[in-house]
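There are 2 protein chains.
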Amino acid sequence: VSLLPPQITRAIEEFQKLPGIGMKSAERMVFHLLRSTRGSPETLGAALTGLKANLHYCVQCQMVTTKERCDICEDPSRDATTILVVEEPLEVIAFERTQYKGVYHVLHGVLSPIDGMGPEQLKVRELVDRCAAGGTSAEGMPKVGGIAEVIVATDPDVEGEATASYLREKLKNLVPKVTRLAHGLPMGADIEFADQVTLKGALDGRRSL
Amino acid sequence: VSLLPPQITRAIEEFQKLPGIGMKSAERMVFHLLRSTRGSPETLGAALTGLKANLHYCVQCQMVTTKERCDICEDPSRDATTILVVEEPLEVIAFERTQYKGVYHVLHGVLSPIDGMGPEQLKVRELVDRCAAGGTSAEGMPKVGGIAEVIVATDPDVEGEATASYLREKLKNLVPKVTRLAHGLPMGADIEFADQVTLKGALDGRRSL
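Those protein sequence lines, which keep their order, are chains A and B. Everything in the first sequence is counted per my numbering, starting at 28 for the first residue and increasing by one. Everything in the second sequence is counted per my numbering, starting at 28 for the first residue and increasing by one.
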């Protein structure tokens with residue numbers, strides 16, 4: 028690879044740091060940009076250089092935003108007494124495609140001792156403060172009523188379950204209801220190939236027709 | 028997606044212009060960069076912004092380089108009488124991993140009328156000039172001998188075959204030998220699943236043991 032000019036090698040190396048991008052994909056991307064009429068290295072470069080400019084977390088729900096409070100927290104038609112707790116900002120977008128009308132809290136990760144992720148690395152204190160303060164930020168915003176329910180929507184894997192248990196312990200004396208997303212069969216699933224944990228969850232959570 | 032800050036949306040859109048990157052992958056990449064400790068949007072952004080700086084094509088073989096002539100063309104130990112013609116710069120890197128000791132010519136594409144790629148869009152004239160001049164650039168470098176062989180290594184698909192035929196017609200009166208890479212079974216292939224064109228190529232090109 029030393030045959031390639033250093034700036035090409037460097038761009039290939041940087042692309043390889045992205046999730047799911049190996050050497051071949053990184054090479055293809057760099058040469059695509061060098062030749063493409065649709066995108067250019069300068070356009071993507073400028074978009075990335077300016078990515079973090081004026082970007083911060085909503086003081087209430089920790090969603091990425093360019094304002095102090097995000098659009099969802101500012102929307103008076105949302106049910107501010109229900110907080111859906113997610114791992115990442117993209118999961119907010121996913122739940123917004125459903126009919127969910129409450130508000131959110133973004134943890135920015137899950138508990139994972141192996142990766143050095145403890146409660147201090149996550150936005151856990153902000154969630155606890157928010158529940159203790161009763162539905163608004165601790166920064167002196169008026170209380171409009173307590174939190175009725177916290178729905179923990181971390182992924183159904185080892186870290187997600189551990190994080191959910193930890194949050195339940197932290198919140199059980201602050202909010203009346205701490206719930207977890209249902210386990211069950213995804214739409215279009217084939218029961219024959221479903222794993223036993225999913226099937227048990229679907230059985231335990233069965234509903235009357 | 029309008030829920031996301033505009034600079035994030037823009038970066039996601041730019042990533043989607045890369046080959047093989049859909050919306051989900053683009054979203055993952057942007058949020059990975061926002062959070063990652065390994066890479067950062069600024070580092071990748073700077074690498075891309077500077078990608079084309081001081082980058083041009085070797086005056087002889089059209090390989091990407093930061094110099095006037097690339098390292099391979101400058102290397103006196105290479106056999107300058109054999110030219111391997113490839114579609115893209117990355118294919119030079121691929122052949123360098125073999126024992127090939129000749130030099131190269133990069134076309135920067137293949138003939139493809141549907142995509143508006145004619146001979147003028149490719150580095151065909153440069154190849155013809157090179158063969159006519161006898162192995163060195165037309166810029167006054169001393170002639171050390173004519174080209175003995177041009178090996179056309181375009182991909183074995185419709186465009187690659189058409190490009191190979193076109194080059195053979197253009198070069199047949201300039202160089203003694205215009206050859207094409209062998210068709211045959213790739214290493215590790217399963218004959219049962221090989222297509223008929225590959226099998227016919229392998230039969231036609233059979234060698235004595």
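Wrong hints could be hidden among the right ones.
No farther apart than 27 Å at their CA atoms in a straight line, the calculated lysine-lysine pairs in the BS3-like style are these [what the hints assert, rightly or not]:
no.	chain 1	residue 1	chain 2	residue 2
1	B	Lys51	B	Lys94
2	A	Lys94	B	Lys79
3	A	Lys79	B	Lys44
4	B	Lys128	B	Lys44
5	B	Lys128	B	Lys94
6	A	Lys150	A	Lys227
7	B	Lys94	B	Lys79
8	A	Lys128	A	Lys150
9	B	Lys51	A	Lys44
10	B	Lys204	A	Lys150
11	B	Lys128	A	Lys44
12	A	Lys51	B	Lys128
13	B	Lys94	A	Lys51
14	A	Lys128	A	Lys199
15	A	Lys128	B	Lys51
16	B	Lys227	B	Lys150
17	A	Lys227	A	Lys199
18	A	Lys199	B	Lys79
19	A	Lys79	B	Lys51
20	B	Lys150	B	Lys79
21	B	Lys51	A	Lys51
22	A	Lys128	A	Lys44
23	B	Lys204	A	Lys51
Quick caveat, the hints were computed from the structure, so don't treat them as lab data.
Consistency of the hints with the structure:
Distance hint between lysine 51 of chain B and lysine 94 of chain B is unfulfilled; the C-alpha atoms sit about 39 Å from each other, more than 27 Å. Under the criterion of a C-alpha separation no larger than 27 Å, the hint pairing lysine 94 of chain A with lysine 79 of chain B is inconsistent with the structure, at around 35 Å. A threshold of 27 Å between alpha carbons decides the hint, and for lysine 79 of chain A with lysine 44 of chain B the separation of about 21 Å falls inside it, so the pair holds. Note on lysine 128 of chain B and lysine 44 of chain B: the hinted pairing is violated, with a Cα-Cα distance of about 37 Å set against a maximum of 27 Å.
Note on lysine 128 of chain B and lysine 94 of chain B: the hinted pairing holds, with a Cα-Cα distance of about 21 Å set against a maximum of 27 Å. Taking the CA atoms of lysine 150 of chain A and lysine 227 of chain A, the gap is near 32 Å; set against the 27 Å cutoff, the hint is violated. A C-alpha spacing of about 13 Å is found between lysine 94 of chain B and lysine 79 of chain B, which places the hinted pair at or below 27 Å, so the restraint holds. Restraint check for lysine 128 of chain A and lysine 150 of chain A: satisfied, since their Cα atoms lie roughly 22 Å apart, inside the 27 Å limit.
Under the criterion of a C-alpha separation no larger than 27 Å, the hint pairing lysine 51 of chain B with lysine 44 of chain A is consistent with the structure, at around 17 Å. About 69 Å separates the Cα atoms of lysine 204 of chain B and lysine 150 of chain A, which puts this hinted pair outside 27 Å; it is violated. Distance hint between lysine 128 of chain B and lysine 44 of chain A is unfulfilled; the C-alpha atoms sit about 33 Å from each other, more than 27 Å. A threshold of 27 Å between alpha carbons decides the hint, and for lysine 51 of chain A with lysine 128 of chain B the separation of about 24 Å falls inside it, so the pair holds.
Distance hint between lysine 94 of chain B and lysine 51 of chain A is fulfilled; the C-alpha atoms sit about 25 Å from each other, no more than 27 Å. Restraint check: the Cα-Cα separation between lysine 128 of chain A and lysine 199 of chain A comes to about 23 Å, which is no more than 27 Å; the hinted pair holds. A C-alpha spacing of about 24 Å is found between lysine 128 of chain A and lysine 51 of chain B, which places the hinted pair at or below 27 Å, so the restraint holds. A hinted pair counts as satisfied when its Cα atoms are at most 27 Å apart, and lysine 227 of chain B with lysine 150 of chain B does not qualify at roughly 32 Å.
Pair hint lysine 227 of chain A plus lysine 199 of chain A holds up; C-alpha atoms about 26 Å apart against a cutoff of 27 Å. A C-alpha spacing of about 57 Å is found between lysine 199 of chain A and lysine 79 of chain B, which places the hinted pair above 27 Å, so the restraint is violated. For the hint linking lysine 79 of chain A to lysine 51 of chain B, the alpha-carbon distance of about 20 Å falls within 27 Å, and the restraint holds. For the given pair, lysine 150 of chain B sits about 19 Å from lysine 79 of chain B by alpha-carbon distance, which is consistent with the 27 Å threshold.
Note on lysine 51 of chain B and lysine 51 of chain A: the hinted pairing holds, with a Cα-Cα distance of about 20 Å set against a maximum of 27 Å. Note on lysine 128 of chain A and lysine 44 of chain A: the hinted pairing is violated, with a Cα-Cα distance of about 37 Å set against a maximum of 27 Å. A C-alpha spacing of about 33 Å is found between lysine 204 of chain B and lysine 51 of chain A, which places the hinted pair above 27 Å, so the restraint is violated.
In this structure, the earlier hints numbered 1, 2, 4, 6, 10, 11, 16, 18, 22, 23 are contradicted, and the remaining ones agree with it.
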